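A.B. asks: With the working numbering, the residue at position 166 of the sequence shown is 158, and numbering never jumps.
Since the hints were made in silico from the structure, they are not lab data. Some hints here could point you the wrong way.
[As the list claims (entries may be wrong)] Below, in silico cross-link-like pairs of lysine-lysine (BS3-like), each with a Cα-Cα straight-line distance of 25 Å or less: (1) 113 with 124; (2) 71 with 48; (3) 48 with 124; (4) 38 with 48; (5) 124 with 38; (6) 113 with 71; (7) 38 with 100; (8) 113 with 48; (9) 31 with 63; (10) 31 with 100.
[Claimed, not checked] Restraint-style ranges between C-beta atoms, simulated for each label pair: (11) 117 with 52: 32 to 40 Å; (12) 151 with 115: 30 to 38 Å; (13) 99 with 55: 15 to 23 Å; (14) 50 with 27: 28 to 36 Å.
Since we're looking at a predicted model, the values are computed, not measured. Beta carbons are placed, not taken as given, at the ideal position from N, Cα and C, and that holds for glycine.
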Amino acid sequence: MEKQIIFIVFLVGLFFSSDAQNIVATKQFEIVELPNYYKANGILFKEHYRIGIDIKDNRERYTPSIEDIEKAEEVFINKYKQLQHANIDDKISFCCWVRQYVGFIDSKGRKNVILQLINNKKPGKINRLLGKGWETNFVLMLSDNFYAVSARYRVNIDTGEMTTGI
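Can you build the whole structure from these sequences, using the hints too?
C.D. replies: See below:
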């Protein structure tokens, strides 16, 4: 009888612990696949995920829809060359870069998406540089090396503007 009670308590504990882990994991981020824009996965951080940086003119955070992400990618493709004064094919150059998306609404009520790109052409190098699990955490790196493997843009999807300032 005592063994049965211990076994039941074990099963109940297992049930609640695994359920709580699933809730936390699914509420923080969502994997986004947009093969028309890139080969790597994108990570969409939901509105309550703390990104650890101050955003200028931020009224509130929101979770962007897939349509919002596609608009942000279109603005990125159209504005990158102009902003960086570069003559490259954005889709080819950034096809293996992992995207991280954070949405917010500015003081004028316009939707904005922070589009962070991380070069994943050499996954081993990136894993050593950023550590395990970096794909599911908004990457903050205070190093000159960060800009060699990453880029961060603020895309206003309502106006079609893009800047490097967050």
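A.B. asks: When the structure is checked against the list of hints, which entries are broken? Sort them ascending.
C.D. replies: 3, 8 and 10
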